[in-house]
Amino acid sequence: MGWIGETLDSIKSLQIRQVLTQAISLGMIVTSALIIWKGLMCVTGSESPVVVVLSGSMEPGFKRGDILFLHMSKDPIRAGEIVVFNVDGREIPIVHRVIKVHEHQDTGEVDVLTKGDNNFGDDRLSVCARSALVASASYHGESCRVLTLCWLGDNYHD
Amino acid sequence: MHSFGYRANALLTFAVTILALMCAMASLSDNLNTPSPTAQVQVLNINWFQKSTHGNDEVSMTMNISANLQSLFTWNTKQVFVFLAAEYETPKNSLNQVSLWDGIIPSKEHAKFWIHTTNKYRFTDQGSNLRGKEYNLTLHWHVMPKTGKMFADKIVMTGFHLPAEYR
Numbered sequence: 001m002g003w004i005g006e007t008l009d010s011i012k013s014l015q016i017r018q019v020l021t022q023a024i025s026l027g028m029i030v031t032s033a034l035i036i037w038k039g040l041m042c043v044t045g046s047e048s049p050v051v052v053v054l055s056g057s058m059e060p061g062f063k064r065g066d067i068l069f070l071h072m073s074k075d076p077i078r079a080g081e082i083v084v085f086n087v088d089g090r091e092i093p094i095v096h097r098v099i100k101v102h103e104h105q106d107t108g109e110v111d112v113l114t115k116g117d118n119n120f121g122d123d124r125l126s127v128c129a130r131s132a133l134v135a136s137a138s139y140h141g142e143s144c145r146v147l148t149l150c151w152l153g154d155n156y157h158d
Numbered sequence: 001m002h003s004f005g006y007r008a009n010a011l012l013t014f015a016v017t018i019l020a021l022m023c024a025m026a027s028l029s030d031n032l033n034t035p036s037p038t039a040q041v042q043v044l045n046i047n048w049f050q051k052s053t054h055g056n057d058e059v060s061m062t063m064n065i066s067a068n069l070q071s072l073f074t075w076n077t078k079q080v081f082v083f084l085a086a087e088y089e090t091p092k093n094s095l096n097q098v099s100l101w102d103g104i105i106p107s108k109e110h111a112k113f114w115i116h117t118t119n120k121y122r123f124t125d126q127g128s129n130l131r132g133k134e135y136n137l138t139l140h141w142h143v144m145p146k147t148g149k150m151f152a153d154k155i156v157m158t159g160f161h162l163p164a165e166y167r
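Just so you know, the sequences run in chain order P and H.
Residue numbers 1 to 158, in UniProt numbering, belong to the letters of the first sequence in order.
Residue numbers 1 to 167, in UniProt numbering, belong to the letters of the second sequence in order.
Hints were generated in silico from the structure; no laboratory data involved.
Source: prediction; values computed, not measured.
Built from N, CA and C at the ideal position, the CB exists for glycine as well.
Be aware that one or more of the hints could be misleading.
Claimed, not checked - The calculated lysine-lysine pairs, modelled on DSSO-like cross-linking and capped at a C-alpha distance of 30 Å, are:
id	chain 1	residue 1	chain 2	residue 2
1	P	Lys63	H	Lys108
2	H	Lys120	H	Lys154
3	P	Lys38	P	Lys74
4	H	Lys133	H	Lys92
5	P	Lys38	H	Lys146
6	H	Lys78	P	Lys74
7	H	Lys149	P	Lys63
8	P	Lys74	H	Lys154
9	H	Lys108	H	Lys154
10	H	Lys146	P	Lys74
11	H	Lys108	H	Lys149
12	P	Lys38	H	Lys149
13	P	Lys63	H	Lys120
14	H	Lys154	P	Lys63
15	H	Lys112	H	Lys78
16	H	Lys146	P	Lys63
17	H	Lys112	P	Lys63
18	P	Lys74	H	Lys149
19	H	Lys92	P	Lys74
20	P	Lys63	H	Lys78
21	H	Lys108	H	Lys120
As the list claims (entries may be wrong) - Pulled a few chain H residues facing chain P out of the computed Cβ check, cut under 7 Å:
id	residue
22	Ala85
23	Asn93
24	Ser94
25	Leu95
26	Asn96
27	Val98
28	Ser99
29	Gln126
30	His140
Model the full assembly from the supplied sequences, consistent with the hints where possible.
This is the structure in structure tokens:
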């Protein structure tokens, strides 16, 4: 019974206000970080405004571990732009450069073929499914945009 | 208020802020540079021009590409990615851009070049619209900085024609 009394005493001696203040400060820090992240998502129009380069396929331009700021823009994708996209079923986004563009007259949809700078072959060999563009790469600001699916699989079989 | 932890925190925050500011200034300094690049392309020969098994036209050509991109380099330039694209219009597509050759220029010394090459990537159409097609050869370059904003530009060279018949 003695230890219950001691525990109660120690709880009463805690300064509730101080503890609550600290909890609120912590909560504020966490929510500010979340606000900044969501705000970035809104401003750039992209699902993941900041990505880390995961593979060496764009060396020597982008090395593994480089941070990219992404940004979706309204202009159509053009050859030479760097885009970031997800392949069906794989979560890891791919950062590659567009080397072929076919823009349809009627719909304005754009078919693109991509290739990593450091890869020998283009992506139709390794990326076999329809890809959806997550966001367009913007290493601090270069933008390209895509709102349509981009895969040429059907037309580019060899 | 003067514990090691507080001081280390203040120092680190200040350092990161200054670093970010320096990166931004480095990026802005790139705007001071006014580039004056030149380029020229000659198509020497159409090696072959066929319709592939999938019904898409394909061309192989040999070209001379010469350019002087030295004025694009600043102290903040990591590399320049340059590529040559054939651009043309078809009834189905308002714009087709097919990259024929690309290269990475790592430094200013390599930025003045002349190469004789066949197309590195296949020049294929979505369909078979290339016979007699008039197309532009555009040399594009993307300047990748050590830190900051990438920018890109191009030189359009017009007046190229593909043969009217397959060969």
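Here's how the hints hold up against the structure:
A threshold of 30 Å between alpha carbons decides the hint, and for P:Lys63 with H:Lys108 the separation of about 21 Å falls inside it, so the pair holds. Of the pairs offered as hints, the one joining H:Lys120 and H:Lys154 holds, with about 19 Å between alpha carbons and a cut-off of 30 Å not exceeded. For the suggested pair P:Lys38 and P:Lys74, the alpha carbons sit about 20 Å apart, so the restraint of at most 30 Å is met. Taking the CA atoms of H:Lys133 and H:Lys92, the gap is about 14 Å. The hint holds against a cut of 30 Å.
Note on P:Lys38 and H:Lys146: the hinted pairing holds, with a Cα-Cα distance of about 28 Å set against a maximum of 30 Å. At roughly 28 Å between alpha-carbon atoms, H:Lys78 and P:Lys74 fall within 30 Å of each other, so this suggested pair holds. Between H:Lys149 and P:Lys63 the CA atoms are separated by roughly 17 Å; this keeps the pair inside 30 Å, and the hint holds. About 20 Å separates the Cα atoms of P:Lys74 and H:Lys154, which keeps this hinted pair within 30 Å; it holds.
In summary, the hint linking H:Lys108 to H:Lys154 is supported, as the alpha carbons are separated by about 18 Å, within the 30 Å threshold. For a cut-off of 30 Å, the pair hint linking H:Lys146 to P:Lys74 stands: about 27 Å separates their Cα positions. Between H:Lys108 and H:Lys149 the CA atoms are separated by roughly 19 Å; this keeps the pair inside 30 Å, and the hint holds. Under the criterion of a C-alpha separation no larger than 30 Å, the hint pairing P:Lys38 with H:Lys149 is consistent with the structure, at around 23 Å.
About 24 Å separates the Cα atoms of P:Lys63 and H:Lys120, which keeps this hinted pair within 30 Å; it holds. This hinted pair checks out: H:Lys154 and P:Lys63 have alpha carbons roughly 25 Å apart, not beyond 30 Å. Proposed proximity of H:Lys112 and H:Lys78 is supported: the alpha carbons are some 16 Å apart, at most 30 Å. Pair hint H:Lys146 plus P:Lys63 holds up; C-alpha atoms about 12 Å apart against a cutoff of 30 Å.
Only pairs whose Cα atoms come within 30 Å are accepted, and H:Lys112 paired with P:Lys63 is accepted, the gap being roughly 26 Å. For the hint linking P:Lys74 to H:Lys149, the alpha-carbon distance of about 18 Å falls within 30 Å, and the restraint holds. Between H:Lys92 and P:Lys74 the alpha-carbon distance is near 22 Å, which keeps this suggested pair within the 30 Å criterion. For the suggested pair P:Lys63 and H:Lys78, the alpha carbons sit about 12 Å apart, so the restraint of at most 30 Å is met.
Among the hinted pairs, H:Lys108 with H:Lys120 is consistent with the structure: their alpha-carbon atoms are about 23 Å apart, no more than 30 Å. Given the 7 Å rule on beta carbons, the hint for H:Ala85 holds: about 5 Å separates it from the nearest Cβ of chain P. The beta carbon of H:Asn93 comes within 5 Å of a beta carbon in chain P, closer than 7 Å, and the hint placing it at the interface holds. With 7 Å as the threshold, the beta carbon of H:Ser94 comes within range of chain P, its nearest partner Cβ sitting at about 5 Å, so the hint holds.
Contact between H:Leu95 and chain P, as hinted, is supported at the beta carbon level, the nearest pair being about 4 Å apart and thus within 7 Å. Taking 7 Å as the C-beta contact cut-off toward chain P, the hint placing H:Asn96 at the interface holds, the least distance being around 5 Å. Using the Cβ-Cβ criterion of 7 Å, the hint placing H:Val98 at the interface with chain P is satisfied: the shortest such distance is roughly 5 Å. The interface hint given for H:Ser99 holds, since its Cβ lies 4 Å from the closest Cβ of chain P, which is under the 7 Å cut-off.
The restraint placing H:Gln126 at the interface with chain P holds, with a minimum CB-CB distance near 5 Å, inside the 7 Å limit. Evaluation of the H:His140 hint against chain P yields a held restraint, the C-beta minimum of about 5 Å falling below 7 Å.
Against the hints set out earlier in the document, no violation occurs for any number.
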